[in-house]
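S.K.: Generate coordinates for the entire structure from the input sequences, incorporating the hints supplied.
For the sequence shown, the UniProt record's numbering gives the first residue as 1, with consecutive numbering after it.
Hints listed in this document are in silico derivations from the structure and should not be mistaken for laboratory results. All figures in this text were calculated on a predicted structure; none of them were measured in a lab. Mixed in with the good hints there might be a few duds.
As the list claims (entries may be wrong) - No farther apart than 20 Å at their CA atoms in a straight line, the calculated lysine to aspartate or glutamate pairs in the EDC-like style are these:
#1 K525 - D474
#2 K290 - E369
#3 K360 - E317
#4 K290 - D212
#5 K373 - D131
#6 K525 - E482
#7 K437 - D461
#8 K332 - E522
#9 K360 - E337
#10 K525 - E238
#11 K402 - E317
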Amino acid sequence: MPHVAGKNITYPSATYGRMRSIFAWALLALFVCVSARTTYKQQPVTSQITSLTDKDARYKASVHPAFANAGRQAGVEVWRIVNFNPVAVSQNDVGKFNKGDSYIVLRTTADKRNNLSWDIYYWIGSESTQDESGAAAILTVGLDDKFGGAAVQHRETLGHESQQFLSLFQPAIRYVEGGAASGFNHVVTNPGAEKRLFQVKGKKNVRVRQVDPLISSMNKGDCFILDINNDILVYVGEGANNKERLKAISVANQIRDQDHNGRGRVEIIDQYSSETDVQKFFTTLGSGTKDIVPEPSAGGDDQAFERSEEDTVNLSEISDSSGSLVATPLRKPFRQEQLKPQETYILDTVSGSIYVWVGKQASQREKTEAMSKAQQLLSSKNYPSWVHVTKIPQGTEPAAFKQYFATWRDAGMSHSRLVRSVGASKFYNKMESKLPKLYKGVVTSGNTMIFEEVPEFKQTDLRQNAIFVLDMGDDLFVWIGEDVTDEERKAAFDIYNHVQPLKKGYPHKWSVVMTKQRLEPESFKKSFGRWEPELLIKLRDSDDEDEKFDALNFNEVED
1 MPHVAGKNIT YPSATYGRMR SIFAWALLAL FVCVSARTTY KQQPVTSQIT
51 SLTDKDARYK ASVHPAFANA GRQAGVEVWR IVNFNPVAVS QNDVGKFNKG
101 DSYIVLRTTA DKRNNLSWDI YYWIGSESTQ DESGAAAILT VGLDDKFGGA
151 AVQHRETLGH ESQQFLSLFQ PAIRYVEGGA ASGFNHVVTN PGAEKRLFQV
201 KGKKNVRVRQ VDPLISSMNK GDCFILDINN DILVYVGEGA NNKERLKAIS
251 VANQIRDQDH NGRGRVEIID QYSSETDVQK FFTTLGSGTK DIVPEPSAGG
301 DDQAFERSEE DTVNLSEISD SSGSLVATPL RKPFRQEQLK PQETYILDTV
351 SGSIYVWVGK QASQREKTEA MSKAQQLLSS KNYPSWVHVT KIPQGTEPAA
401 FKQYFATWRD AGMSHSRLVR SVGASKFYNK MESKLPKLYK GVVTSGNTMI
451 FEEVPEFKQT DLRQNAIFVL DMGDDLFVWI GEDVTDEERK AAFDIYNHVQ
501 PLKKGYPHKW SVVMTKQRLE PESFKKSFGR WEPELLIKLR DSDDEDEKFD
551 ALNFNEVED
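M.R.: See below:
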C-alpha cells in the first residue's frame with residue numbers, strides 16, 4: 001500500500017494490478033531495446049557487402065567479429081566465406097575445401113621467445129563466384145589490420161596451391177564438390193600435387209619455371225621436370241648444358257623431399273635411357289614421343305632468355321596522393337631506395353609470382369586497393385588464374401623478392417648489446433675501421449661462407465665467378481659477380497649469418513648493401529681508386545694477352 005506524507009492512500013486492487021502490469025511491460029521493453037542495441041553493435045561492416053560493385057567496401061573493411069580471437073597462439077585457423085561472412089571451420093574439417101567456395105586460412109607461428117608472426121592465405125575455389133572471392137580478399141585485409149598490417153598475405157587457387165600452403169594440411173588437402181549454397185558435399189581427397197611440368201633453362205643463371213604440361217612446351221635444348229603424384233621424371237634434352245642438367249636433378253630431389261615427404265621416385269631420362277623409360281615419360285605426360293619434341297631453337301637462346309626474363313620484370317608504384325589511385329612504372333635497375341614507406345608497389349616477376357610491397361606509412365586505401373590492383377594485373381595480362389600473389393609488409397622482404405633489386409640494404413642489428421656481452425669493444429681499432437677492407441667469399445661444403453681478406457685491393461682483384469664483401473665500417477657491401485653459382489647466390493642472401501665474425505666488436509649499427517656486378521653504387525667504386533665499367537668483361541672474354549695485360553695494369557696507367 002502506498003504511503004505519502006504520513007497519509008495512507010488506498011487504491012482499488014484492479015488499479016494496482018494494472019500498474020504492476022504496466023511496470024512489467026516497461027521493463028520488458030527496456031530489455032528488448034538494450035538487446036537490440038547490443039546485437040546491432042555486433043554486426044560487422046563487412047556483412048553489408050553484397051557485391052564488389054560496392055566500391056567503398058574495398059577500403060572500409062573492418063575486423064570481423066569472427067576474427068576476434070584469431071592469431072593469439074601458434075596454429076592454423078580456417079574460415080569459410082558464407083553469404084560474404086567468415087564462418088569458422090571446425091578442426092575436424094580443416095583441410096577440406098569446397099570447390100564452389102572461398103576460404104581464409106591463418107597460420108600463426110611463434111618463435112623461441114613466443115613472439116608471434118602471421119601468414120594469411122585466401123583460397124579461391126574453381127567454382128567460386130567473383131563476389132565470394134572478392135569478399136575473401138576484403139576480409140583478409142580486415143584480418144591483417146588486426147595484426148597492424150604485419151601479416152604476409154598469399155593468394156591461392158584450387159589445384160595450384162603453393163607448397164607452403166599444402167604443408168599446412170596433413171596428410172593431404174581434400175576437395176569437396178559444390179559450395180555452401182548447393183549443400184552438395186562429395187569429398188575428393190587430393191592424392192598429391194597436380195600434374196606439373198617445369199622448364200629448366202639458362203647458361204649463367206639457370207632458372208626454373210612452371211609451364212603447361214604439354215609436349216608443345218618442351219624442346220630438345222633444355223631440361224624438363226614432370227611431377228605427378230609420386231613420380232618425378234627428369235627429361236634431359238639432347239642439347240641441354242651441364243648446368244641445366246645438374247639444376248634439374250637438384251630441383252627434382254627438392255620436389256621429392258618437400259612435396260612428397262621423401263616418398264617420391266626421381267628418374268632421369270636422357271640419351272642413355274632405354275626406349276621403355278623414354279616412352280614412360282611421354283605416357284605420363286599424356287601425349288607425344290621423343291621424335292616430335294620441338295628443336296632447341298623453339299626454346300630460344302639461353303642468354304637471350306635470361307635477358308628477356310630480366311627485361312620483362314617490372315615494378316609499379318601505387319599511390320593515391322593525387323586523390324585517385326595511380327600506377328606508375330619505375331625505371332630499371334630497381335633499387336631499394338625507390339620504395340617509399342608512404343606508398344605501395346607491385347612487382348611482376350613474369351615467372352609465376354606477383355609481389356605487393358606495402359610501406360609502413362601507406363594509407364589504408366592503398367593497402368586495401370593494392371591487392372585489387374594485382375588482381376587487375378592478372379586479368380589485363382591474361383595471366384593464368386593460378387599465379388601466386390603475395391603481400392609483403394615493409395621489413396619482411398624474402399630473398400626471392402630482394403633478388404630483383406640491384407642494391408638492397410638491410411638494417412644491421414645493434415651490436416652495442418653484443419659488445420657488452422662479449423667485452424670486445426676495447427679490442428676494436430677505430431683508426432683501422434676507417435679504411436675499407438675487401439674480402440673474397442668462399443662457400444664451404446657445409447653451405448657456410450668464409451672470407452679471405454684481399455690486401456691492397458684494386459678492381460682487378462674482383463672476379464665474375466665470385467662474391468666479395470667490402471667493409472666500409474657502417475656499410476658492408478656484398479658484391480655478386482655475374483657468373484656465381486646458384487649455391488653462392490643463395491649464400492649471399494643469407495649473408496647476415498656469415499659476416500658476423502667480420503663485424504665482431506664493431507661498436508655501431510651497421511647495414512648490409514647488396515649490389516650486383518655492373519650496378520655498383522658510386523661509394524663502392526670510389527673505394528677502388530680507379531674504376532673501369534667493362535674491365536671484368538674484358539678479362540673474361542679477351543683472348544688477346546696484350547689486352548689482358550693492359551686491363552690488369554690499368555690502375556698504374558696515368559690519366
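S.K.: What are the numbers of the hints the structure violates, in ascending order?
M.R.: Hints 2, 10 not satisfied by this model.
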